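Trainee: Each chain, letter by letter, is given below.
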Amino acid sequence: MTALTMPARPDHDAGLRPVPWRRMAWVTWRQHRAALAGVAALLGALAVYLWLTGLQIHHAYATDCHPTSSLACTINFTGRYATTGNVVSIFLQAVPALIGAFTGAPVLARELETGTFRYAWTQGIGRWRWTLGKLVPLAVAVAAAAGAFSMLYSWYNQPFFAAGYVIPFATRMFGLRGVAFAAWTLAAFAIGALAGMLIRRTVPAIAATLAAYAGLALAAALYLREHYITPLLTSNPNLPGSAWITSQWYTNGGKYAFPARGTQIVNALSQLCPGTSNVSPAQCLSQHGYTQWTSYQPGSRFWPFQWIEGGWLLALSVLLIAATVWLVRRRAA
Amino acid sequence: MNVIEASGLGKRYGSTWALRECSLAIPAGHVAALVGPNGAGKTTLLNLAVGLAEPTAGGVTVLGGVPPGSPAALDGIAFVAQDTPVYKNLSAADMLHLTRNLNRRLDQDYAEARLAELRIPLNRKAGKLSGGQRAQLALTVALARRPRLLVLDEPVAMLDPVARHDFMATVLAAAADDGVSVVLSSHVLAELERVADYLILLSRGRVQVAGEVDDLLASHRVLTGPAAEAGRYADRPVVHVRRGAAQAHLLVRATADDPVPPGWEAHPVGLEELALAYLREPGAAALPGPARGRNTQPSEVTR
Chain X
1 MTALTMPARP
11 DHDAGLRPVP
21 WRRMAWVTWR
31 QHRAALAGVA
41 ALLGALAVYL
51 WLTGLQIHHA
61 YATDCHPTSS
71 LACTINFTGR
81 YATTGNVVSI
91 FLQAVPALIG
101 AFTGAPVLAR
111 ELETGTFRYA
121 WTQGIGRWRW
131 TLGKLVPLAV
141 AVAAAAGAFS
151 MLYSWYNQPF
161 FAAGYVIPFA
171 TRMFGLRGVA
181 FAAWTLAAFA
191 IGALAGMLIR
201 RTVPAIAATL
211 AAYAGLALAA
221 ALYLREHYIT
231 PLLTSNPNLP
241 GSAWITSQWY
251 TNGGKYAFPA
261 RGTQIVNALS
271 QLCPGTSNVS
281 PAQCLSQHGY
291 TQWTSYQPGS
301 RFWPFQWIEG
311 GWLLALSVLL
321 IAATVWLVRR
331 RAA
Chain R
1 MNVIEASGLG
11 KRYGSTWALR
21 ECSLAIPAGH
31 VAALVGPNGA
41 GKTTLLNLAV
51 GLAEPTAGGV
61 TVLGGVPPGS
71 PAALDGIAFV
81 AQDTPVYKNL
91 SAADMLHLTR
101 NLNRRLDQDY
111 AEARLAELRI
121 PLNRKAGKLS
131 GGQRAQLALT
141 VALARRPRLL
151 VLDEPVAMLD
161 PVARHDFMAT
171 VLAAAADDGV
181 SVVLSSHVLA
191 ELERVADYLI
201 LLSRGRVQVA
211 GEVDDLLASH
221 RVLTGPAAEA
231 GRYADRPVVH
241 VRRGAAQAHL
251 LVRATADDPV
261 PPGWEAHPVG
271 LEELALAYLR
281 EPGAAALPGP
291 ARGRNTQPSE
301 VTR
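Top to bottom, those sequences are chains X and R.
Our numbering puts the first residue of the first sequence at 1, with every later residue one more than the last.
Our numbering puts the first residue of the second sequence at 1, with every later residue one more than the last.
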């Protein structure tokens, strides 16, 4: 029961140098180039469309919108392109989720589904280096592509902002501009990678990624975003047009009376100014000693909000990728 | 050096133990066959040895004391898993390129020569290869890594007899020419005699038999005699009794020098027959080391 003499092999013992990271570049490219080509095709097609319609929109704005209140602007710019702009912004909400789900989820799910992880995770590079060496370049690639795309989208949207048609904080636009679009794409990719590791099957992992992304995006837009920075408070009824009003209410004699919307204010108005149609609700309430208060986010906070959203999404993505790598390291086959 | 050494090794999935209290040492320089029925824990043991699974209890080391999954272990062990998974959308050339990038070395010349010999075109996608070719591709890629230990999990289960023969020929050539130690699991007993020179028999998650094939064959005999007398040996170191109408065949622990009882004939045993007998008697054991139980006293048979 003694060992045969093993033929000498180059430095196989102490001081093993790990397989260099750069070797993963070819591996990742070869195995995921189809997914990356899909991302490029999707964003490329959208970019061509945005470029062509964007030129028309810019042209219409430049010729008809000086001033923006002119009838020509209303008819030839807003009237003609506002719907297009809205439809595009709604469609683009799904793009980060699609990119993330279709590039992120298969990275691990396909290996686990087909059994090839038994090959991949027993190679010299080691499984956590293999995982990190795939996830990080792919994450950077999809985020960079999304970032470039959102720059084009910001250009496309410029006339709508210049015309005052939308405020910077518009819910359906905020996630598509600045750094947010790239950050959301990155987060979707990281969610996909983790879902693939947990679910171990490609199609269910993609479905789970889309669902998780939708939940997170809705929660951020409806509940989280307005709390990034404490809103400003004012009793001045003339707010700048770019302000994002987060809530409005009335006080009377320094005490909270009722919110600016709802049955209470309707009842109060019908009691205070019954049957008068020549007095506006605001005038009626101020005549009777009510003060309107508004909490709002000024438009100048757009970039701080972008960085805050980008920041927490980046942190979340790093966390999810770290969790994925950790799971790969400890997973029992 | 032991290529795989386990002590008290156990692995539990949920509430089921796939492998339990497994202690064994597989020395280097062998083609070791891990044999056992389905569910005996063969795949679990191999997954633990290549670092794909973590033990629930006990420990396992490879290549003379290295923990599985460590850089040295990954570098020195090539693993071909059950059903020989390869990326179906990659060509043979891509598989080689992939493997070269994932390892510190790859013997490109060996791999290309081997694939040419097997008539596997380098540019054909793995998904378009036959089952036998795919298995050969996975094996070639593994051997091109120049491992010190080659671990094969049920490599030939899905192959036809010709492909099975060719596959094993490649394994044997690597073992003979390059001194690669091989551990393979199989429930195909027929090939073992030609291939394996070390046998580990696993049953219900425990090691039942472990040893060099020559030693095992030399220490077992088949006794053939009147069926009526077979009962006399029931409490003897008999591994297995096979009764016919008139004659009984007893597999006993005995060497060629041990005397044969009157009216009985002794024959040497084949590896397949020996393995089968132990598989049918999960209570019997033949293990190296200090005497364990009644089966280690072969002289009693002939008393």
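Worth flagging that the hints you see were computed from the coordinates, not collected in a lab.
It is possible that part of the hints are untrue.
Okay, the calculated bits of chain R under chain X, using three or more residues with CB under 8 angstroms as the criterion [said to hold, decoys possible]:
| id | segment |
| --- | --- |
| 1 | 69-79 |
| 2 | 82-88 |
| 3 | 155-168 |
| 4 | 254-268 |
In this text, all values refer to a predicted model and were calculated from it rather than measured experimentally.
For glycine and all other residues, C-beta sits at the position ideal for the given N, C-alpha and C.
Trainee: Are the hints correct? Go through all of them and say.
Mentor: Hints, one by one, checked against the model:
1. With a threshold of 8 angstroms between beta carbons, the proposed coverage of the segment 69-79 of chain R by chain X holds, since 9 of its residues qualify and at least three are required.
2. Note: the segment 82-88 of chain R has 6 residues with beta-carbon separation from chain X under 8 angstroms; the three-residue rule is met and the coverage holds.
3. Note: the segment 155-168 of chain R has 0 residues with beta-carbon separation from chain X under 8 angstroms; the three-residue rule is not met and the coverage is violated.
4. Coverage of the segment 254-268 of chain R by chain X is violated. Counting CB-CB distances below 8 angstroms, 0 residues qualify, and the rule asks for three or more.
Consistency note: the structure conflicts with the earlier hints numbered 3, 4.
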